[in-house]
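**Q** Position chain B relative to chain A; hints supplied.
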Amino acid sequence: MGEPCDVRVFMQVPERREWRVPAGTRVGDLLRQLGFSPESVLVIEGHTLRTADDVLRAGAEIELRPPISGGAP
Amino acid sequence: MKCIQCRGKAVIELRQHNSAFCRDHFFEYFERQVQRTIEKFRMFGPQDRILVAVSGGKDSLVLWDVLLRFGYQADGLYVDLGIGDYSPASGEKARAFAEARQAKLHCVGLGRAYGFTVPEASARLRRVPCSPCGLSKRYVFNRFAREQGYDVVATGHNLDDEAAVLLGNLLHWNEGYLARQYPVLEAHEDGFVRKVKPLVRLTERETAAYAVLRGVDYIVEECPFSRGAQSILYKEALNKLESESPGTKRQLLFGFYERARERFRSAADAALHPCARCGQPTTSEVCAFCRMSERLVPVTQGR
Chain A
0 MGEPCDVRVF MQVPERREWR VPAGTRVGDL LRQLGFSPES VLVIEGHTLR TADDVLRAGA
60 EIELRPPISG GAP
Chain B
0 MKCIQCRGKA VIELRQHNSA FCRDHFFEYF ERQVQRTIEK FRMFGPQDRI LVAVSGGKDS
60 LVLWDVLLRF GYQADGLYVD LGIGDYSPAS GEKARAFAEA RQAKLHCVGL GRAYGFTVPE
120 ASARLRRVPC SPCGLSKRYV FNRFAREQGY DVVATGHNLD DEAAVLLGNL LHWNEGYLAR
180 QYPVLEAHED GFVRKVKPLV RLTERETAAY AVLRGVDYIV EECPFSRGAQ SILYKEALNK
240 LESESPGTKR QLLFGFYERA RERFRSAADA ALHPCARCGQ PTTSEVCAFC RMSERLVPVT
300 QGR
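If you read the sequences in order, they're chains A and B.
First residue of the first sequence? That's 0 in numbering that gives the first Met the number 0, and the numbers climb one at a time after it.
First residue of the second sequence? That's 0 in numbering that gives the first Met the number 0, and the numbers climb one at a time after it.
Just chain A, with the same shape it has in the complex (with noise of 0.2 Å):
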């Protein structure tokens, strides 16, 4: 279990992953951190999407999930 002060981070795809980190973390850092350009992934907090500057508030559910898709056109 996290600390309520936490913000759980998450990916579906391309596989399932998932981190705590501490609210009040931005956006942009939390990228760096992981690895992720902002470009790669879309920042998703329920409908709607979080930018490089936005700061993540405690208790945030927050899906990280790349645009990238594949196969045969």
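Source of the hints: derived by calculation from the structure; they are not laboratory data.
These numbers were taken from a predicted model, which means no experiment stands behind them.
Check before you lean on any hint, since a few could be wrong.
Not everything, but these chain A residues come out facing chain B in the computed CB check (under 7 Å) [said to hold, decoys possible]:
#1 M10
#2 Q11
#3 Q32
#4 S36
#5 E38
#6 I43
#7 H46
#8 L48
#9 T50
#10 D52
#11 V54
#12 A57
#13 I67
Built from N, CA and C at the ideal position, the CB exists for glycine as well.
**A** What follows is chain B alone, placed relative to chain A:
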């Protein structure tokens, strides 16, 4: 970060345009790009019956969503490729989308209609799954559209898809494919239905963002066969270039359309005639789909 239109809070930054938009102005931007593409390439009009090639993924569902918002006569066709748990899950997304919007969705099961699935074809032909998959989808969409009287087939190919295909065709100098790579493929009297790609100005990231913000529920999991696909390798290479120099993908693709494609035109002039088996257009006596099908399904089983 602020929206460049209204100074409200931005939800997305688009570095290639040096822009950021709030939710409403992003919708406006996105839909304007689609409408502009439809008009510039004279893809279709309000009187045309459009068949949207629906996979359950973000691009095809977003395309269908936007066309319905614009008021076009757009029905969907979902092809069940028989891929493990992936096909039922993606089919469910397509069905839920159609039901929520009271839109018409047709479904064709490759196994039921033609006697084989993509995994079976891949194993028995010893070819990567993307090869029989792409061939089957192109065949079924064209045949269905033709038989059901649709004027045009619309696919959700985006800027990343098309730039990656272009890169692959350039690396291998596939002149025939280069000649045909364009947002519109005209109908052919011998049986090709007109095909259009209205999302070609928009990146994969923009399409995914539109889906999330509009609440379009798409299949997030990738096709299990797409891992290691060459198209993904090309996309990743282009994304590296794009991150250093925003706008590279657009310049590559639209530069090709405007300045280079015409030079390959003579490579597309192979004569078409009806396939001896199914009547679909082909440059050979028997089309590639029927040749594949005959290797997979005993002739007596029929199609």
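**Q** If a hint holds in the structure, say so; if it does not, say that too.
**A** To see whether the hints hold, each was checked on the structure:
| no. | hint | verdict |
| --- | --- | --- |
| 1 | M10 | violated (10 Å) |
| 2 | Q11 | holds (6 Å) |
| 3 | Q32 | violated (18 Å) |
| 4 | S36 | holds (6 Å) |
| 5 | E38 | holds (6 Å) |
| 6 | I43 | holds (6 Å) |
| 7 | H46 | holds (6 Å) |
| 8 | L48 | holds (4 Å) |
| 9 | T50 | holds (4 Å) |
| 10 | D52 | holds (5 Å) |
| 11 | V54 | violated (12 Å) |
| 12 | A57 | violated (20 Å) |
| 13 | I67 | holds (6 Å) |
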